[in-house]
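If you're matching them up, the sequences are chains A, B, C and D in order. One point on numbering: in this note's numbering, the residue at position 120 of the first sequence is 120, and numbering is uninterrupted. One point on numbering: in this note's numbering, the residue at position 39 of the second sequence is 39, and numbering is uninterrupted. One point on numbering: in this note's numbering, the residue at position 103 of the third sequence is 103, and numbering is uninterrupted. One point on numbering: in this note's numbering, the residue at position 108 of the fourth sequence is 108, and numbering is uninterrupted.
These aren't lab readings, by the way, just hints derived from the structure by calculation. Possibly wrong hints are sitting among the right ones.
The calculated DSSO-like cross-link candidates involving lysine-lysine, where the alpha carbons are at most 27 Å apart (straight line), are [as the list claims (entries may be wrong)]:
#	chain 1	residue 1	chain 2	residue 2
1	B	Lys105	D	Lys133
2	B	Lys105	A	Lys38
3	C	Lys41	D	Lys85
4	D	Lys41	C	Lys38
5	C	Lys41	C	Lys133
6	C	Lys86	D	Lys86
7	B	Lys105	D	Lys85
8	D	Lys85	C	Lys86
9	B	Lys41	B	Lys5
10	D	Lys86	C	Lys72
11	C	Lys19	D	Lys105
12	A	Lys72	D	Lys85
13	C	Lys133	A	Lys136
14	C	Lys30	A	Lys105
15	B	Lys27	A	Lys34
16	D	Lys85	C	Lys72
17	A	Lys105	C	Lys133
18	D	Lys34	D	Lys85
19	D	Lys105	B	Lys10
20	D	Lys5	C	Lys133
21	B	Lys41	A	Lys41
22	C	Lys105	B	Lys86
23	B	Lys133	A	Lys85
Listed next, with one range per pair, are the computed distances between beta-carbon atoms [to be verified]:
#	chain 1	residue 1	chain 2	residue 2	range
24	B	Lys136	A	Glu42	19 to 29 Å
25	D	Glu98	A	Leu26	15 to 25 Å
26	D	Asp119	B	Glu42	19 to 29 Å
27	B	Asp48	A	Ile89	49 to 59 Å
28	D	Met1	C	Lys38	31 to 41 Å
29	B	Asn117	A	Trp20	48 to 58 Å
30	C	Glu120	A	Lys136	27 to 37 Å
31	C	Asn88	D	Asn24	45 to 55 Å
32	D	Lys41	C	Ile134	46 to 56 Å
33	B	Asn24	D	Lys41	52 to 62 Å
34	A	Leu26	C	Asn88	50 to 60 Å
35	A	Ile89	B	Asn24	40 to 50 Å
Ideal Cβ positions, reconstructed from N, Cα and C, are used throughout, including at glycine.
Number of protein chains: 4
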Amino acid sequence: MLSPKEIVSKMISNDAFSKWLGINILKLEKGYCKLEMKVVKEMTNGFDIAHGGICYSLADSALAFASNSHGKMALSIETSISHTKKVNIDDTLTAETEELNINPKTGLYNIRITNQNSDEIAFFKGTVFFSDKIWK
Amino acid sequence: MLSPKEIVSKMISNDAFSKWLGINILKLEKGYCKLEMKVVKEMTNGFDIAHGGICYSLADSALAFASNSHGKMALSIETSISHTKKVNIDDTLTAETEELNINPKTGLYNIRITNQNSDEIAFFKGTVFFSDKIWK
Amino acid sequence: MLSPKEIVSKMISNDAFSKWLGINILKLEKGYCKLEMKVVKEMTNGFDIAHGGICYSLADSALAFASNSHGKMALSIETSISHTKKVNIDDTLTAETEELNINPKTGLYNIRITNQNSDEIAFFKGTVFFSDKIWK
Amino acid sequence: MLSPKEIVSKMISNDAFSKWLGINILKLEKGYCKLEMKVVKEMTNGFDIAHGGICYSLADSALAFASNSHGKMALSIETSISHTKKVNIDDTLTAETEELNINPKTGLYNIRITNQNSDEIAFFKGTVFFSDKIWK
């Protein structure tokens with residue numbers, strides 16, 4: 001069976017969108033990861049702040065890495081996010097996962113996103129389905 | 001007061017991320033919009049399908065346009081999305097809003113995303129807060 | 001394999017809480033149901049309107065009946081509800097399901113709750129996991 | 001302005017459904033509460049375990065008490081719950097709130113429900129709207 005690092009390294013090597021976002025893996029363990037990225041002009045919306053999709057994408061990548069790191073291919077089935085603070089150009093965002101529950105078939109994760117001042121800027125919750133396919 | 005088209009035109013003129021996504025407005029009315037975009041290589045993840053953040057971003061833009069079109073600046077406070085079908089490169093995605101409820105302070109929307117074969121590929125629900133700032 | 005009516009009849013025959021709520025099945029088909037109940041004093045909260053848990057419970061029963069009616073035992077894994085209008089004593093509530101998506105492992109449902117004046121009072125979304133156990 | 005205890009005492013004195021549930025307040029502070037209740041036969045569903053509406057109702061009461069304790073009347077606008085473990089008759093459930101974010105208009109809370117063995121049995125997230133009405 002592949003290690004968490006081998007699995008996520010496979011995932012990210014082909015992940016064009018995570019590359020476009022500039023996602024950087026700070027920490028990775030079984031069922032856990034911490035990611036970082038920097039907000040650039042191309043990620044902003046009409047209010048001159050980061051588009052809601054940017055934080056969601058960062059959190060969704062964190063969900064994918066944390067849940068797949070157990071060894072089975074995991075698919076997101078339901079996710080939600082609350083945006084609590086504006087995100088500006090040049091902000092550095094950090095997403096950290098918390099595994100609330102896993103069973104053989106599903107997993108539940110909370111992910112908090114903070115900025116460079118440790119302000120909490122979004123709260124994400126995600127449920128995944130663990131398929132029978134093993135990462136190799 | 002600005003018309004829905006004037007408001008969304010202001011929003012999108014500065015929306016760098018919606019431009020990057022290639023979002024195209026098919027239809028726009030008070031409290032309603034229908035958007036379209038095409039999936040390109042840069043939007044895919046490690047599974048060679050569109051990153052979950054792409055559908056979310058399209059739906060989140062639809063939420064922003066539909067809710068702001070009433071004339072007050074609206075802020076997303078809670079959103080959720082269920083991904084029900086894989087999205088491939090070259091797929092054309094359409095997002096259509098349904099306004100479930102609005103009152104002076106909050107609005108609730110369902111958004112369905114379909115592909116070029118009318119397959120439903122994601123279901124999004126979003127709640128916004130209507131601020132007191134009027135678009136002008 | 002049991003029919004939808006046989007399955008739900010088994011479910012409801014032991015469902016003490018649905019009985020306490022006074023839930024009445026108006027219509028039942030594979031993947032669909034429509035339920036009704038009347039709000040009584042014991043279901044109200046400190047604001048003298050129905051406790052949020054009452055609408056949730058009605059919708060959750062509708063989710064259980066609709067999803068189990070396919071023949072496999074289904075378990076709710078994630079549900080959300082938005083309350084859009086107050087519910088008063090003596091109101092009659094109707095919950096109707098819409099099956100958005102099913103695959104061998106999971107199902108996604110929207111449920112709308114209306115009162116006797118056809119006002120929409122709550123919107124519920126629920127995801128279930130289909131186990132391998134067959135109803136018999 | 002009323003204290004958190006005076007506010008919640010007003011709320012619960014008229015809360016017929018919380019009384020039916022047998023909800024007991026273990027701890028109460030500004031923006032926080034911890035509640036307890038015992039599962040009885042009348043709260044079970046057709047699977048002979050607690051109906052999903054029971055945990056939701058406990059968490060929804062916790063959300064109401066924690067958010068109203070700040071002094072303004074607060075209304076739930078969007079809530080979600082994931083059920084992660086079965087709840088049996090005679091189980092004692094504890095719900096504890098965590099205030100993730102508040103601003104003048106909205107508040108966001110996580111609520112965890114555990115049983116007498118400290119097993120986590122449900123995770124709830126709730127967003128409230130703070131009205132201009134002051135508790136008195």
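Hint-by-hint comparison with the structure:
Annotation: proposed proximity of Lys105 of chain B to Lys133 of chain D holds, straight-line Cα distance about 14 Å (limit 27 Å). Restraint check for Lys105 of chain B and Lys38 of chain A: not satisfied, since their Cα atoms lie roughly 33 Å apart, outside the 27 Å limit. With a C-alpha separation of about 31 Å, the suggested pairing of Lys41 of chain C with Lys85 of chain D is violated against the 27 Å cut-off. Proximity of Lys41 of chain D to Lys38 of chain C is assessed by CA-CA distance (about 21 Å); at most 27 Å being required, the pair is judged to hold.
The straight-line distance between the Cα atoms of Lys41 of chain C and Lys133 of chain C is roughly 39 Å, outside the 27 Å bound, and the hint therefore fails. Note on Lys86 of chain C and Lys86 of chain D: the hinted pairing is violated, with a Cα-Cα distance of about 31 Å set against a maximum of 27 Å. Straight-line distance between C-alpha atoms of Lys105 of chain B and Lys85 of chain D comes to about 36 Å, which puts the hinted pair past the 27 Å bound. For the proposed pair Lys85 of chain D and Lys86 of chain C, the alpha carbon gap of about 31 Å is over 27 Å, so the pair is violated.
The hinted pair formed by Lys41 of chain B and Lys5 of chain B fails the criterion: a straight-line CA distance of about 31 Å is larger than 27 Å. With a C-alpha separation of about 18 Å, the suggested pair Lys86 of chain D and Lys72 of chain C falls inside the 27 Å cut-off, and the hint holds. A distance of roughly 38 Å separates the Cα atoms of Lys19 of chain C and Lys105 of chain D; the hinted pair therefore is violated under the 27 Å criterion. Between the alpha carbons of Lys72 of chain A and Lys85 of chain D the distance comes to roughly 22 Å, so the proposed pair stays at or under 27 Å and holds.
Distance check on the hinted pair: Lys133 of chain C and Lys136 of chain A sit about 30 Å apart at the alpha-carbon level, beyond 27 Å; violated. For the hint linking Lys30 of chain C to Lys105 of chain A, the alpha-carbon distance of about 24 Å falls within 27 Å, and the restraint holds. For the hint pairing Lys27 of chain B with Lys34 of chain A, the CA-to-CA distance comes to about 40 Å; that exceeds 27 Å, so the pair is violated. Using a Cα cut-off of 27 Å, the hinted pair Lys85 of chain D and Lys72 of chain C holds, with the two alpha carbons roughly 19 Å apart.
With a C-alpha separation of about 14 Å, the suggested pair Lys105 of chain A and Lys133 of chain C falls inside the 27 Å cut-off, and the hint holds. Between Lys34 of chain D and Lys85 of chain D the CA atoms are separated by roughly 20 Å; this keeps the pair inside 27 Å, and the hint holds. Restraint check for Lys105 of chain D and Lys10 of chain B: satisfied, since their Cα atoms lie roughly 26 Å apart, inside the 27 Å limit. Distance hint between Lys5 of chain D and Lys133 of chain C is unfulfilled; the C-alpha atoms sit about 48 Å from each other, more than 27 Å.
Simply put, Lys41 of chain B and Lys41 of chain A have alpha-carbon atoms about 21 Å apart, close enough for the 27 Å limit, and the pair holds. For a cut-off of 27 Å, the pair hint linking Lys105 of chain C to Lys86 of chain B stands: about 15 Å separates their Cα positions. For the hint linking Lys133 of chain B to Lys85 of chain A, the alpha-carbon distance of about 18 Å falls within 27 Å, and the restraint holds. Hint check: Lys136 of chain B to Glu42 of chain A, Cβ distance near 27 Å, so the stated range 19 to 29 Å holds.
Between Glu98 of chain D and Leu26 of chain A the beta carbons are some 24 Å apart, a value that agrees with the proposed interval 15 to 25 Å. Look at Asp119 of chain D against Glu42 of chain B: about 44 Å separates their beta carbons, and that is not inside 19 to 29 Å. The given range of 49 to 59 Å is broken by Asp48 of chain B and Ile89 of chain A, whose C-beta atoms sit roughly 31 Å from each other. For Met1 of chain D and Lys38 of chain C, the Cβ-Cβ distance of about 38 Å falls inside the hinted range of 31 to 41 Å, so the restraint holds.
Between Asn117 of chain B and Trp20 of chain A the Cβ separation comes to about 27 Å, which falls outside the hinted range of 48 to 58 Å. Separation of Glu120 of chain C from Lys136 of chain A is about 49 Å and departs from the stated range, judged on CB atoms against 27 to 37 Å. Between Asn88 of chain C and Asn24 of chain D the beta carbon distance is about 27 Å. The supplied range of 45 to 55 Å is therefore violated. In this structure the supplied range 46 to 56 Å is violated for Lys41 of chain D paired with Ile134 of chain C, their Cβ-Cβ distance being about 27 Å.
Our hint of 52 to 62 Å for Asn24 of chain B and Lys41 of chain D holds, since their Cβ atoms are close to 57 Å apart. Evaluation of the 50 to 60 Å hint for Leu26 of chain A and Asn88 of chain C yields a pass: the beta carbon distance comes to about 52 Å. Here the CB-CB span from Ile89 of chain A to Asn24 of chain B is close to 25 Å, at odds with the stated 40 to 50 Å.
In summary, the structure is inconsistent with hints 2, 3, 5, 6, 7, 8, 9, 11, 13, 15, 20, 26, 27, 29, 30, 31, 32 and 35 from the numbered list given earlier, while agreeing with the others.
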